[in-house]
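Asks: One-letter residues, chain by chain:
There are 2 protein chains.
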Amino acid sequence: MRPAVQLLAQPQLDAIVEVMGGIEPASTYISTALQAGRQVITANKQLVAAQGPPLACLGPLRFEASVASAIPIVETLADALGADRIGSIMGILNGTTNSMLAAMGGGASYADALADAQRRGLAEADPSADVDAHDPAAKLAILAMLAFRRRIDPSQIARVGIRDLGPGQMEDGRRRGFVIKLIAAAAIHDGARIEADIRPRLVPADAPMARVHGAMNAIAVDAEYAGSLIFEGPGAGPDAAASAVLADLIRAAKGVPASAGSLLATLADTSPVTVVPLGPTAPYPAAS
Amino acid sequence: MRPAVQLLAQPQLDAIVEVMGGIEPASTYISTALQAGRQVITANKQLVAAQGPPLACLGPLRFEASVASAIPIVETLADALGADRIGSIMGILNGTTNSMLAAMGGGASYADALADAQRRGLAEADPSADVDAHDPAAKLAILAMLAFRRRIDPSQIARVGIRDLGPGQMEDGRRRGFVIKLIAAAAIHDGARIEADIRPRLVPADAPMARVHGAMNAIAVDAEYAGSLIFEGPGAGPDAAASAVLADLIRAAKGVPASAGSLLATLADTSPVTVVPLGPTAPYPAAS
Chain A
1 MRPAVQLLAQ PQLDAIVEVM GGIEPASTYI STALQAGRQV ITANKQLVAA
51 QGPPLACLGP LRFEASVASA IPIVETLADA LGADRIGSIM GILNGTTNSM
101 LAAMGGGASY ADALADAQRR GLAEADPSAD VDAHDPAAKL AILAMLAFRR
151 RIDPSQIARV GIRDLGPGQM EDGRRRGFVI KLIAAAAIHD GARIEADIRP
201 RLVPADAPMA RVHGAMNAIA VDAEYAGSLI FEGPGAGPDA AASAVLADLI
251 RAAKGVPASA GSLLATLADT SPVTVVPLGP TAPYPAAS
Chain B
1001 MRPAVQLLAQ PQLDAIVEVM GGIEPASTYI STALQAGRQV ITANKQLVAA
1051 QGPPLACLGP LRFEASVASA IPIVETLADA LGADRIGSIM GILNGTTNSM
1101 LAAMGGGASY ADALADAQRR GLAEADPSAD VDAHDPAAKL AILAMLAFRR
1151 RIDPSQIARV GIRDLGPGQM EDGRRRGFVI KLIAAAAIHD GARIEADIRP
1201 RLVPADAPMA RVHGAMNAIA VDAEYAGSLI FEGPGAGPDA AASAVLADLI
1251 RAAKGVPASA GSLLATLADT SPVTVVPLGP TAPYPAAS
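Chains A and B supply the protein sequences, listed in that same order.
Each residue of the first sequence is one higher than the last, beginning at 1 in my numbering.
Each residue of the second sequence is one higher than the last, beginning at 1001 in my numbering.
The following block holds chain A by itself, in its conformation from the complex:
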């Protein structure tokens, strides 16, 4: 029997922390734990984006670390902005590509920027999750479900990655006063129609998103009453993930309601909504 299965079978278990990533066997482990009455804390963006609503119906599921690491955006959307109406969210949700774009802005080719990111442990051997924007699409799906209270299928979010970019485009953008950033954005119109996409965009050099450096993440939220809020911090790394996971574990120990999980659970019986791309002009002009 696998160690994880043995662990889950222990009767005195109160909570499990899942940081293995991927859909299976994480999904089976989490279902088993929730059905047995355990608290579950996960950092698994892919799983929460794809199966968060049905899993959260099984018990208290907490996932602050699944998006932007220790930036407390998950609880903020579900709890602190629970009384508000959110119109749009926009952000830089992938530190690896943000670092690579910075290197290309300094003259590196795409291939060199990727090789350097792989050397530094930022990008994996198969870089597709980052450079083809699957990773930020999963994170954006989670944020959009919490912000708009609609079920969203992450595979429905249009993605343009950074493979086709190079130092020439970065330099051309800079001459015109722009920085190229991989922008994840979503908006809701008339309380119903949802637009979302991820693509490289030309961000004005003096905009807050332009000065998000290295592997940092940033998220801008526009709420009807709270106004325009911006959250910035390290988007990855073991220490930041540990801080977010431990915060969720403390909430579980204190019996704090799992606000974000409860919100996803309310979406379980609904079908994913249609998501159309924001397109090439807003929130910033497309860069490729």
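Honestly, the hints are just simulated from the structure, not real lab data.
Yeah, the Cβ is synthetic: ideal placement off N, Cα and C, and Gly gets one too.
One or more of the hints may lead you astray.
[Stated by the list, open to error] Footprint (simulated), chain B over chain A, 3 or more residues, beta carbon under 8 Å:
(1) 38-47
(2) 78-88
(3) 131-139
(4) 215-229
(5) 239-249
Starting from the known structure of chain A, fit chain B onto it as the hints suggest.
Replies: Relative to the frame of chain A, chain B by itself:
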């Protein structure tokens, strides 16, 4: 009998929201309500800074709106960063003076900037709370108590306001690559010695705090594991305050523990710690 006293005497009351400001009669009303088993939500920074710890011993006290309005910094420090160790906090906590400094940066005199802020309803007839930095001192005391888990007397925080500044200093700063901002900052050293002050400082023009415009607020938190986090948003206004107050009211209705209040309650039996100024060099050079 005053309407508030009549209201507090109603037996079916679950929660009260206090947005009157000032120490009395707010303190008496809140004590009465907490002792009668009501939930209390307040936006009163002055009262929470001065009497938060003893009041929070009486029952669930929530005060997200007391600092930086709808920026969810109170719950973030008490809850999301509950597992972390915070080394320093720094921010722009007063939108009125931030707007006035921007006007002076555009060439206005202190007197004209103040008159304009008063016309726009940003500054009061007696502007001392803003321009002499009593308001950000109260907010900094609340944040520092939550961040460092020590009791802090807001009157112990050294303050230098903006009365002595004018367009000449702003222009001189700009020529040298700086923007003058009223910076509230606090740090803890060796887990014990607390430094805090509020004063105009020369912020490098490319630093995040330099591009906090108008009546916006921003708070930077350095945590050992979560890293450097920045939160930005409108620091005042009725809509933003309402969003934060309603979020607390929803938490009260859901039975979410009052994390920040519980943290302050643990400090009630301790004496305020000694607070020394950060002084003229860090986090940025003093501007006056």
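Asks: Find the hints from earlier in the document that the structure breaks and name them by number, from lowest to highest.
Replies: 1, 3
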